[in-house]
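*Asks:* Given these sequences and hints, build the entire structure.
Residues per chain are reported as follows:
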Amino acid sequence: MSKLNNLFRNLKKNKKSAFVGFVTTGDPNYASSKAIMKEMTKYCQIIEAGVAFSTSTSDSPIIMEANDRAIKSGMNLDKTFKLVKEVIVETKTDTCFILMTYLNPIVVYGIKKFINMSKSVGIAGLIIVDSNLNSPEEKLLLKGLTKKGIGYTKIISPTNSEKFIQQSIRNTKNSFIYITTYAGLTGSKNVNLKNVKKLISKVKKYSKEVPTGVGFGVKTTKHVKQVSKYADAVICGSSIVNKIKVGHEKKFSAKKLAKFIGKYVKTLSAGAR
Amino acid sequence: MKIDPFKELNPPTKDGYWINKKTKERFGGAYISSLLVPNLKRVEKGFFKAIKDKKFMKELNEELETFIGVNTPIHFSPELTKLAGGEKKGKIFLKRTDLHTNHSHKPVSAYSCCKLAKYLGFKKILTETGAFQNGRAVASACAALGLDLDIYVGANDAKKLAINKDISALHGANIIEVHDSTKSLLPAMAAALRAFQSEPDSMYVVGSVAGPHPYPLMVRTFGSVIGRITKKQFKNLVGKDPSTIFSVCGGGSNMLCISYPYLKTKSTKIYAVESAGKGLKTGKHGATIGGGGKMGILLGMQSKVLLDGENIAESFTEASGLDFSSIGTEVAFLHSIGRIKFLTATDLEAKKTFMMMARKIGLICAIEACYVIHAAIKEIRKIGKPKQNHLIHLCGAGEPNVAQMMEFMKKNK
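Line by line, the protein sequences give chains A and B. Residues 1 to 273 (our numbering) make up the first sequence, in order. Residues 1 to 413 (our numbering) make up the second sequence, in order.
Don't read these hints as lab results, they were simulated from the structure. The reader is advised that the hints may include incorrect statements.
Computed list of chain B residues with no C-beta within reach of chain A, every gap over 12 Å [said to hold, decoys possible]:
{"no.": "1", "residue": "Asp53"}
{"no.": "2", "residue": "Glu59"}
{"no.": "3", "residue": "Thr66"}
{"no.": "4", "residue": "His75"}
{"no.": "5", "residue": "Leu99"}
{"no.": "6", "residue": "Lys124"}
{"no.": "7", "residue": "Ala144"}
{"no.": "8", "residue": "Asp148"}
{"no.": "9", "residue": "Phe196"}
{"no.": "10", "residue": "Lys240"}
{"no.": "11", "residue": "Lys278"}
{"no.": "12", "residue": "Gly296"}
{"no.": "13", "residue": "Lys360"}
{"no.": "14", "residue": "Ile383"}
{"no.": "15", "residue": "Lys413"}
With a straight-line Cα cutoff of 27 Å, these simulated DSSO-like cross-link-like pairs (lysine-lysine) come out [as the list claims (entries may be wrong)]:
{"no.": "16", "chain 1": "A", "residue 1": "Lys219", "chain 2": "A", "residue 2": "Lys256"}
{"no.": "17", "chain 1": "A", "residue 1": "Lys143", "chain 2": "B", "residue 2": "Lys294"}
{"no.": "18", "chain 1": "A", "residue 1": "Lys139", "chain 2": "B", "residue 2": "Lys24"}
{"no.": "19", "chain 1": "B", "residue 1": "Lys378", "chain 2": "A", "residue 2": "Lys189"}
{"no.": "20", "chain 1": "A", "residue 1": "Lys113", "chain 2": "B", "residue 2": "Lys22"}
{"no.": "21", "chain 1": "A", "residue 1": "Lys34", "chain 2": "A", "residue 2": "Lys245"}
{"no.": "22", "chain 1": "A", "residue 1": "Lys15", "chain 2": "A", "residue 2": "Lys198"}
{"no.": "23", "chain 1": "A", "residue 1": "Lys189", "chain 2": "B", "residue 2": "Lys24"}
{"no.": "24", "chain 1": "A", "residue 1": "Lys189", "chain 2": "B", "residue 2": "Lys183"}
Ideal placement from N, C-alpha and C gives every residue a C-beta, glycine not left out.
*Replies:* Right, dumping it as structure tokens:
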């Protein structure tokens, strides 16, 4: 059974939701990012690790600045794999790592090589922001990832059609479906609970099995609490990344920055039921 | 001259791909976040509806003729012909889309797309710009059609092209400077796409034959009015189709818009000219094809891309309109099947050509157009034959480059 399926089965048994923390790998640099992720494994059931892409078409300025910091620090896919592997080995954590990126880095790296590396590192799942449901790359990825037991998550938003939602559910394999609480950019607005309830019930109408992960605008412990009432996983991104920026600007050491972020993530994750 | 109806000569697949059957390479598609899918579907559906709507097309063509002034002249240039080696190398003609309202080829597709937006009930337009030719063209169209407008421009470009920026502001456009990465056209386009995701009630108007489906198809379909008029005009003037057509190529809109009706005209060779910046070997250039770009995915499209590892490499050229690390999808496809031949010219060659055009021909051309004039003369010297007729697309006027070129003139006295 895939790592993510296992996680969601256990959570369901215990009537709990997963807390998902997002960071861009290598933000603000390799050493600090590694320390931050190690600390986050204590509080996150899932870490969504963003692979920096310079020409982002879907992220808020907060995430884009993180991408810039990571690219300037020399991050690429190989270094991301190395970083995640070191975190997994050194912490012996059960936390699932999913990668989030755009299609270009993967296509240039090579889809097959990417899947093989993901498997050997122990990556649990993948989210690609700009992979079209009908693209040939999507088909290759779905087939390859599923064969290796790695999860694949599709994103749906309140403005998507029923048909699009159904197809997104079909393309989500061994993972949760990502529901955005509003149509817009990551972290640009506050969570919209009405949308959450509506979209979760739409998803449940078509699939009883697929777990739901909810993100976009989830910024406080209260938001996490509210969302986790309905969702199987609650995703916090921009607010964590913003904290990294704050700590980095204060010139915190890797250790201090990791503690600073850890403390914040601990507070946020406490909201997950 | 009446605009001939559009004929589809190179249809993409229904998902917006042009596929090279030999290499299996796919150019195009719509690589976008799910949040953008509904917005693009609305534009795609609306576009196909509009181009079949006789009333809409009739009105649009009339406005292109009267307001944009698409019947710009084609004229013989004895001076350029002489520079290329005389009539034994064939005659050189100029197509003057610099004489459109707003002084470039851009207003044709810009006005058409804005008209489409209005037809579809959008109240606001989002667009991006590099050389501010598109920004200015969209600003004027929005003013004429009563639409609000946000223009995204790289902060570096905004500094360079102050006059077109000011003209856009005078038309009432809201100008948003983009400070991301290279502060040029690429991040400006990414910013416009992000804005499109946040503002589903606004329509994005892409300034080139790039971006996710249906934009490359839409911009070249609307823009091909230039080529349709050119084809008729040239035949009237010379009695036959041109032997060659030369256009400059950043994203490729002016190249494709003039060359499109000739895609199946085997006797006409099509050339595209990219900016070699400081020289291809220096790595500081904007030549996606000439500089060995590879297949990549960015800004919602699969095309040739200048890469730096798994990320996008920074392009470099002093011509803002050519400062782009990728190329339009259909253009990349046409290159891959051998239909378009690519050439390059450096920034310095373009600047020298600008001065030559100013002093010998009496025209102040957009710096972007000077790359093609330089490369065309060089190529015609090599390949030209008697009785041939060569057509160069002079795609913009150079007022925005005046300050930059005054500096060049002073330095090179």
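*Asks:* Which of the listed hints are broken here?
*Replies:* Hint check: 9, 12, 19 and 23 fail, others pass.
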